[in-house]
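Given two chains presented individually in distinct reference frames, assemble the corresponding complex, making use of the accompanying hints.
Just so you know, the protein sequences line up as chains A and B, in that order. Its first residue numbered 1, the first sequence is counted upward by one per residue in my numbering. Its first residue numbered 1, the second sequence is counted upward by one per residue in my numbering.
Hints may contain errors.
[Claimed, not checked] Pulled a few chain B residues facing chain A out of the computed Cβ check, cut under 8 angstroms:
hint	residue
1	Gln265
2	Thr269
3	Arg270
4	Leu271
5	Gln272
6	Leu273
7	Thr274
8	Ser276
9	Ser408
No lab work stands behind these hints: they were computed from the structure. The C-beta atom is built at its ideal place from N, Cα and C for all residues, glycine as well.
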Amino acid sequence: MAASVTPFAVEVRDLCKTFGAIAAVDRLNLVVRRGESLGLLGPNGAGKTTTLRVLSTLCAADSGVVRVLGLDPVREGAALRARIGVVPQEIALYGELTARENLRFFARMHGVAPARIADRVGWALDAAGLGERASSRVESFSGGMKRRLNLVAALLHEPQLLFLDEPTAGVDPQSRNHVFEAVEELRRAGLTLIYTTHQLGEVERLCDRIVVMDRGRAIADGTLETLSALPQVQRSMGAGLELHPTADLARAAEVLRAAGFPATVRSARPGLEEVFLALTGRALRDGDVATGDLDGGGA
Amino acid sequence: MFRTAWILATKDLLSFSRDRTALMLTFLLPIVLGAVFGTAMSSMSGGGSGASTPKVELAVEDRDMSDLSRALVAALQTSAGLSVEPSDGARRRVANGEVACGLVIPEGYGAGLAAGDPLDLLLLCDPSQAISQQVVLFQLAPVLLKQQLDTMGAGVMGRALERIDFPAPQRALAEVALRVSYDRIESLLSTTEGTGDTSEATPDFDLLSDLPGLLGLQRDDVAGRAGADVARNAGPSHAFAAMAVMMLLFSVVGAGGSLLQERAQGTLTRLQLTPSAGGAVLIGKLIAIAAIALAQLVTLFAFGALVFGVPVAEAPALLALVSVIWVFLAIGIGILFAVVCRTQKQLEGISTLVILVMSAVGGAWFPREITPEWFRAVGSVTPVAWAMDAYHGVLWYGKGILPTAERSGIWPQLLTMAAVALVLLVLAFRQYRRRFGAT
Numbered sequence: 001m002a003a004s005v006t007p008f009a010v011e012v013r014d015l016c017k018t019f020g021a022i023a024a025v026d027r028l029n030l031v032v033r034r035g036e037s038l039g040l041l042g043p044n045g046a047g048k049t050t051t052l053r054v055l056s057t058l059c060a061a062d063s064g065v066v067r068v069l070g071l072d073p074v075r076e077g078a079a080l081r082a083r084i085g086v087v088p089q090e091i092a093l094y095g096e097l098t099a100r101e102n103l104r105f106f107a108r109m110h111g112v113a114p115a116r117i118a119d120r121v122g123w124a125l126d127a128a129g130l131g132e133r134a135s136s137r138v139e140s141f142s143g144g145m146k147r148r149l150n151l152v153a154a155l156l157h158e159p160q161l162l163f164l165d166e167p168t169a170g171v172d173p174q175s176r177n178h179v180f181e182a183v184e185e186l187r188r189a190g191l192t193l194i195y196t197t198h199q200l201g202e203v204e205r206l207c208d209r210i211v212v213m214d215r216g217r218a219i220a221d222g223t224l225e226t227l228s229a230l231p232q233v234q235r236s237m238g239a240g241l242e243l244h245p246t247a248d249l250a251r252a253a254e255v256l257r258a259a260g261f262p263a264t265v266r267s268a269r270p271g272l273e274e275v276f277l278a279l280t281g282r283a284l285r286d287g288d289v290a291t292g293d294l295d296g297g298g299a
Numbered sequence: 001m002f003r004t005a006w007i008l009a010t011k012d013l014l015s016f017s018r019d020r021t022a023l024m025l026t027f028l029l030p031i032v033l034g035a036v037f038g039t040a041m042s043s044m045s046g047g048g049s050g051a052s053t054p055k056v057e058l059a060v061e062d063r064d065m066s067d068l069s070r071a072l073v074a075a076l077q078t079s080a081g082l083s084v085e086p087s088d089g090a091r092r093r094v095a096n097g098e099v100a101c102g103l104v105i106p107e108g109y110g111a112g113l114a115a116g117d118p119l120d121l122l123l124l125c126d127p128s129q130a131i132s133q134q135v136v137l138f139q140l141a142p143v144l145l146k147q148q149l150d151t152m153g154a155g156v157m158g159r160a161l162e163r164i165d166f167p168a169p170q171r172a173l174a175e176v177a178l179r180v181s182y183d184r185i186e187s188l189l190s191t192t193e194g195t196g197d198t199s200e201a202t203p204d205f206d207l208l209s210d211l212p213g214l215l216g217l218q219r220d221d222v223a224g225r226a227g228a229d230v231a232r233n234a235g236p237s238h239a240f241a242a243m244a245v246m247m248l249l250f251s252v253v254g255a256g257g258s259l260l261q262e263r264a265q266g267t268l269t270r271l272q273l274t275p276s277a278g279g280a281v282l283i284g285k286l287i288a289i290a291a292i293a294l295a296q297l298v299t300l301f302a303f304g305a306l307v308f309g310v311p312v313a314e315a316p317a318l319l320a321l322v323s324v325i326w327v328f329l330a331i332g333i334g335i336l337f338a339v340v341c342r343t344q345k346q347l348e349g350i351s352t353l354v355i356l357v358m359s360a361v362g363g364a365w366f367p368r369e370i371t372p373e374w375f376r377a378v379g380s381v382t383p384v385a386w387a388m389d390a391y392h393g394v395l396w397y398g399k400g401i402l403p404t405a406e407r408s409g410i411w412p413q414l415l416t417m418a419a420v421a422l423v424l425l426v427l428a429f430r431q432y433r434r435r436f437g438a439t
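One chain only, chain B, in its complex shape (with noise of 0.2 angstroms):
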């Protein structure tokens, strides 16, 4: 008996070994994926380093122009998790989704920090950028911190909290804090760096809410749709967006895919000695498939919007225009695949490769703006990274197609989305020609 099972066994491995699909899905796919998580989890917990260290982009307006507001950005950008950016619109900024982090540095902030007043700097966030924010305020405090030490010592930062009345749960914290030597803070503070990691902080501590307090900053949700219910929008909205991203792509290379399956069985050829045959064929498929997808995007945003309170009927036609273009730029993609691919296996293969990494690092899987730039500049350049941003600037900043004097447009997406679709259909319809038409 097991003589025979070791046949059979080598056998099965033999015809494996032949078979390229399950060999790149069995050691390829797993390597890149991998790859891919690695790189960007490296980066989460602060392993990355020089180039691959991702920096969350933190928009600055100094209306101060004093020195010590200039002295704060200077050290704000020797930050190695911060890039900062000089802007005058950081409210507009952060409110598009541009960047998920604004510091506002007001007039007489350097006069009012010499004299002891209390601090004003207002600290615009995207409640939607929930880790961004955590690696802000772990790379502001120490610098602030250490200004308002340098500046005011430890007795008038003191007197500045009891002046502002602080919240008394938070005020034994900031007493605490204020206690402990500057070298220990910033000891504490090192450990947890960039991370958002707050195990070692103290039980009740909670970063995001308390943390930009301690730190003399105004915290000021500016990004998400007017009215939005910050905890129930955010996270659902991202998520449906990626779902109807990458869950698209699949079920429309799949059903690309019925191509090459109708070239094995002999329905392709049967269909192009009808006199009708050539485009018609080609267009039929794409039709069907549009169809197939458009309801798979209307189940999935309809119970999106029942079950998670995702924003859908916000801006319906909007949402409608973004699901078109996106579902024809994933039938290009999609017959493209098909026309390519050989085999339906290949296909299967090489699609689930593509669209894996497309998605992750387009920003499907997690945020772009946590990876490293090179990681964020190539998955800017995906289709992913586009109908992401398209999406999610309609479901979570409200934006219209055409910028406001608050909002900027999601046009460019929706015209590159729209102009690779046709690209790509062009291209599909000429190798289909090619490959499998008529004379």
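Bound-form chain A, shown alone (with noise of 0.2 angstroms):
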């Protein structure tokens, strides 16, 4: 069946997923715009695995209505799966095969032209910066290199939408940076993205808006802007007093002192971390549904 036209790479409708008694998605509302760099958010169990899980054909809905690139992902999950990349939070790669066996082998899984296999080979590889570990077997790689791999292993069909699912868990400064202009890169190619991370600074850095996610629910969706200006993230941050952008700071807080104002300075703009305990709160969130990879059927 031919995917229908739509401005939206993702539309989602309250969307139910559970697992015995735990409501792992719980009426998610969610649209994506085609080209559109998606973080999504939440605390452990708050169910953006499954909903990836959902959206990727790995497992259906309860109930709900969900149009992944215009496609139902149960009835027309082989088109789908032909048309999306999905890079694992594990290292999804066959250790014992070498960097370039590993990459053709995904490509004729994922359908790429035998005559085209070798040019997207070598793309790949030079875009993970492994073309002279071509020939080099992925269990002797470091993590980075491997985390690398593993990012371009899931681009070799040239897909219109690719999630991630934590694609820089583990890795060094380099590495990271590495997969963040991989990214950047992608966003600028009007590639549709859909980014799960607990590191709230590639959220910052790589998307163009933010979902938080919890207990199955989307409880928050825009910018980080927008997401500071809620009620309940002003109130997290204290009182606040709004002064003139001119103004000096460190005088105005001397003069709180001293009238008896206890006072510390910052900028009126909290940072995405900030934010996302103001929306999700403090307390530790030990309580996932299983193991919480994509792999797992988790939430």
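Here's what the structure looks like:
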């Protein structure tokens, strides 16, 4: 079935998914425009991974409407899989194969035309900065090299929508920066991105819009600026005193303290981490439904 | 330093106590295997009693139907170690490996015995079942001696030996035996009854070749491929069949475990995210495992043929057919294990236990015929037993798929294996889709 033309890469209405008695996703509504880079945030057990699993055809929703690139992930799974890429949290590569053998294998599995495989593999090796190690076994690679290969393996078939599930977990700063640059390049190329991570700085840098999920629902949706302006975030930040941008903040603080008001000075714009904690609370969230990765059906 | 070592040791013990696979392999597996071996070995050494005593099946073909022949059959039926089965086709049954030995009582047996003529009993043997033959001979000996002594008396028997021109080395032994009183003979035999233990016998005495002559039996090896070298072929045929069956299970289950490994490392998910995901993933695994398994069997049998003279070249097509069916049955078992178990560690623990026990009771380690009946009954419903019967049928007995006048066919084993393989593979695919399948 041909994908319907729609400005949205992802449309989700009232999505529900339960595991036993636990509602991993609870009436989720979400849209992602084509070409948009969306950061999907939430504490453990928020429902991010289950949402990604549903969107990427790995599991079916219990109820609700889901369209991805205009396709139904359940009834048109094969067609959809040909158009999406997923960068999993794990290093999902074969250690006993070389980098080139891994890429050739995944290119073939994704249905890349035989005549194009060599080109795509060459591109991927260059993009990952692994051209000189193409014939080395992946098991001999550093964590960063594996992460980079893990990323480009999802791009061999030139997907229109890319899911990135914590793509920089456990890598060195250089490799993380390499991944950032690769993702920024993909944004510039117009690829739609859905990015989940606990590294909030990455979302600030790489995403146009942020959706915060908690207990299976989207509890906030917007840019960092719009989220910062939310009343609950402002309350969490404490009482505010708006000063003109040209005001001397240090002098203002001195005056307040002298007048008997305990005061500290900081920028009025909270960071994403403060926004996140304000929205989802500071209580520890260890009660994940399952493993919490794309493979495990976790929430 | 010792405090640190103690802290480390307690940590290791705590980890061990939480590792169910390690606990199972450490404590349960040795107990289970010990019980299996103990049951079989105590039976072999005569330690069993009642239902646990192994009874070797003896097909008796009474062509005489005289009072004496009937008395002989009746006496044999009271032997503790024999399961006497009256049969019109003892030769065929032995030739097909259905029983280890057959006894043919010829026409005129009763009259000849009364007249002091030489006995002409025919003992049909399967050389590949040497342990069972020993049991049969030691069960036959007191019964035959008693009937002969009761009927003819020692003097008559001595003359009979002379008349049949007993070979000199054996005659001395026979004369010694005849000089001993019947009670002494019975006592001597009772110490080794059912065990095949010849340690108390004369050092030069070869039980399997000498005792039949002493008892007035003509031995005829009727099993095995025509022209087969018994000493060279019987043991290796069984051994290589056993290794083909048992080791293939281990390698296939191990290969099936790669499914769990792929799941753990995330590559299975990545595969499921490709357009052609679904059953193709499992079918691809199946093809690879089958190729590896068949290569293993080819290597094993080629070595057996070249070094031990296993008669692989006698029926290569049939051996290939048995191997292909066995490979698919083993894959069914292996994949089912892989999709049922949660982790590779769990798979290794459970599969090791099941394969070893199944191999032991199924006849891959020791012949099933030396074990108690209940043990044999359990073993006969294991895939290992079906595969062993099929391989041994082709390699040693020279059977084909369909029965002939002389040989039974192995179609029941092949059909059973194929049917069970199909069922297991269907179950494995369903379970795979349920547990690992994408939408």
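Next item on the list: Taking the numbered hints from earlier one at a time, note which ones the structure violates and give those numbers from smallest to largest.
Entry: 9
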